[in-house]
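Peer 1: As a plain string of letters, each chain reads:
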Amino acid sequence: MYTFSHLHPLSLLIYYVVILFLTMFHMHPLLLLASACGSISFFCVRNYRHLHRRDLLFPLFVAVLLAVTNPLFSHRGETVLFYLNNNPVTFEAIWYGFAAGVMLASVVLWCRTLQQEMTSDKITHLFGRCLPKAGMLLTTALRFIPHLKRQHSQIHNTMKTLGMYSEDTWFSKVRCSLQEFSILVTDALEGSVEIADSMNARGYQLKKHSHFSMFRFRAIDCFVLLCSIITMILMMIGSHADLFSVYYYPKWTMTRPSAISDWLCVGWMFLFSMLPTLIQIKETIKWTYYKSKI
Amino acid sequence: MKTGIRNGKHSDRQRVCSAISVLLLIAVFLTVGIHCSKYTLAAAVSEQETLSGQIQQTIDAQIQNSFSDTNDLNAQAGTTGGDWFALAVGRYDASLLPADYLAALEQQVSLRYTRDGSLDPTKATEWHRIAMTARALGADPSAFGTDADGNPINLLADGIYNRGYTRPINAQGINGPIFGILTLCACDAEVPDDAFYSMEDLSQLLLDSQLDDGGFSITGTASDADTTAMALCALSALQKHSSSDSSSVADAIDRALVCLSNLQNERGGFSQYNIENTESAAQVVIALCTLGIDPASDERFTKNGISVFESMQTSRLEDHTYTHIPDERSFDTMATNQALCALIAYERYLSGESAFYELSETGLTTSTPTIPADSSTAPARSETPIRAILCIAVVCAALGCILFCLHKKRVRDLFLIIPLALLIILAILFIRIESVDTFESGAEPTASSTISVTLSIDCETILSNMELLDPALREGGYIPEDGILLPKTTFEIPDNSTVYDLLVAAARKYNMQMEYQGSDQNRYGSVYIQGIGHIYEFSCGSLSGWMYLVNNDAVQQGCNLYTLSEGDEVAFRFTCDLGNDLHVKITETP
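Residue numbers (the working numbering), protein chains in the order written: chain A, 11 to 304; chain B, 1235 to 1824.
Read the hints as simulated data drawn from the structure, not as lab findings.
A virtual CB, placed ideally from N, CA and C, is assigned to each residue, including glycine.
Heads up, a few of these hints could be off.
[Stated by the list, open to error] Result set (EDC-like, lysine to aspartate or glutamate): computed pairs, CA atoms no more than 20 Å apart in a straight line:
1. LYS261/A to GLU1771/B
2. LYS1743/B to ASP1754/B
3. LYS261/A to ASP1729/B
4. LYS261/A to GLU1709/B
5. LYS261/A to ASP1704/B
6. LYS1722/B to ASP1561/B
7. LYS1743/B to ASP252/A
[As the list claims (entries may be wrong)] With beta-carbon atoms standing in for the labels, derived distance ranges:
8. ASN1756/B to CYS232/A: 27 to 35 Å
9. GLU1701/B to MET242/A: 54 to 62 Å
10. ASN57/A to PHE1772/B: 42 to 50 Å
11. TYR175/A to ILE1651/B: 47 to 55 Å
12. VAL1492/B to THR263/A: 36 to 44 Å
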């Protein structure tokens, strides 16, 4: 089954770069909607076995939080709803906050999927030849947080069996947590020194270090790469032609998309952001169909 | 491997605890929300809302200034000052009047008939005004009060169609026929066949007195705006109620409108005896609303961009009363009464209700308005102690529940909960939410010693740099044609005010958007003006922003650090080139 994670790292990386570009550089509501849909659906399809309600509430929560806090700092819009301590709270500020929240949430979701897709071997394959040290650093940094989470739970359980959490006061709980934290940090530092030594022993420092990689450039990679390049070109042309122009202050105006070509462009962006989901779904259907034939 | 036994199952106690914490949070938000739910989403503050607010303010101010308590208003029943106010308020919200005004009016009528035999020796309009006031408050003017013989008084007969038996109805001037027609149509009364004047007689009297230029006049020689406007109301009433001679009435209306439009001066106002006054503008507003013409936007009655409605509103003082002459400072009862009529007429026009003098739409009631006016409506500030006590009680109750559930009796655990609770209480107490109306009508405190300074705000340099302008500001009228956001206006500000205080007062008074960065956000301790009127720094290129000049001198200090003196001329100017395009000399800080 050749899902999205089986793509060649290069096309994967370029896809992510383009989709993050698309999300972050224009605050256009339709683009934000497309990217949010794409990221949420891809996240769900990728992790449908371990989905938690909090993963889906997270984008909504971030959007609402920013919608509520942006008016506290920005008083720019035209329609004043009420005055809070002599500062106007405007509808445009709330709307801008909401859009920024949606953007933030979709970027975070894309990055979560990136973390799941871009494993260390893919990074090594990409950067091993030209930037070995940088690639190594990136991998080590990216794997640290889940690794630390696992370590912490182990340490916590060990501490409990050793009788650390016997008292029920809040003060002793804080004390025990601080002790756990110091153990965790020491463990991480020791581990990194060990990793460095072992990698040195295995020859990672050598200039001509070769590594095994199983990635082949298949047809689907060409397809994804082509889509990414077309999207990038469309975005540049669109920026030049003010296709994604939207003004939030002082009055929200979104004059484009107006013509059919504008709508086609936005439709393409929407399909592009749904591309990983579609690939995953297509492969799952094919796989299920093949399995049913057995 | 699962993360641990402790977090695996939540005990019932912990569940209750978290439920109460969630409820507490919801209670906090609800308290804040309920306080501002009175002022919810007015995404577009419609004209009607602010107009209603203005009407209410003027009513309250007039009661305060002219009728200091309800006895005083009832004592003026039957006079020009009292009746016009009662008629206007009756057309807006009759419950704001004292319940016994109608009884006082009836008493006055009966008294005058008993004592003098009539309401007035010369003026028929006394009958007209009292009849309309009585009708507006729900009484029947054809049986109002009792005369010396104990018979019911028919105001319509004595004052209008049988007036000719005592004196001609136009003995006092054209006002007689005008208000006679208005009252007859307002009360929708049938003129009996044996009346001295029929409706056609009255309308003929009115049409005959129209002058060559289409206007009407008290003196008979030159048209004046007041009389023409009142005649237009009468003609409009004729059009609605009388079927005869409709074409000549329509023609008369058109000619009168043309004359009225020509009488408007270049400031949008109207004059009488060559003095521009509020009453004339108010009468024109009433007439236009009666005819279904918008006095705030019709081009015939807008000169130099100022409509007659706006011109009338320039006489509005800070305490919501009106002056007689626009530039005066002291209020005038009659001007306020007439302006109130105009405001109410305009409000009725905007909400599609019947015209000001169309009293026949109101039902006849036998009972007088029940709820007496409570002229002082205290603002939300007085609720604050109650609110504070309430939220402290709520928070303490929730704290008690949490502590009870957790079985915590140690003092040490309160160290976490009490600061959190204090934070919530402080947040509730110090967050002050005001609606748009409350903020804009916020009373300026009058200081003992004031100085007079002028302020002007302009963005003329943008006009020569339009290609650099932020595209969001290009349309929508944010950049005025001449670049002047506020022409040179005089302000009375307290002594020792800074330029920043002046700007805040001006922005509040003229409802201009203004955003600033507070003095605590930079190391100079100065307030930085980021934007005025939605024009922000960097809106016109990366070298653009707001600067201020005092007496044509660019001050290099924050605007809250420069104290003003008497007669200073402050100018806030937008620069697109770091100040170089303003061509002013820059002095060092004094």
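Peer 1: Take the hints in turn and mark each one as holding or not.
Peer 2: Hints, verified against the model:
no.	hint	result
1	LYS261/A to GLU1771/B	17 Å, holds
2	LYS1743/B to ASP1754/B	25 Å, violated
3	LYS261/A to ASP1729/B	38 Å, violated
4	LYS261/A to GLU1709/B	10 Å, holds
5	LYS261/A to ASP1704/B	13 Å, holds
6	LYS1722/B to ASP1561/B	15 Å, holds
7	LYS1743/B to ASP252/A	38 Å, violated
8	ASN1756/B to CYS232/A: 27 to 35 Å	55 Å, violated
9	GLU1701/B to MET242/A: 54 to 62 Å	29 Å, violated
10	ASN57/A to PHE1772/B: 42 to 50 Å	43 Å, holds
11	TYR175/A to ILE1651/B: 47 to 55 Å	21 Å, violated
12	VAL1492/B to THR263/A: 36 to 44 Å	41 Å, holds
Violated hints, listed in ascending order, are 2, 3, 7, 8, 9, 11; each of the other numbered hints is respected by the structure.
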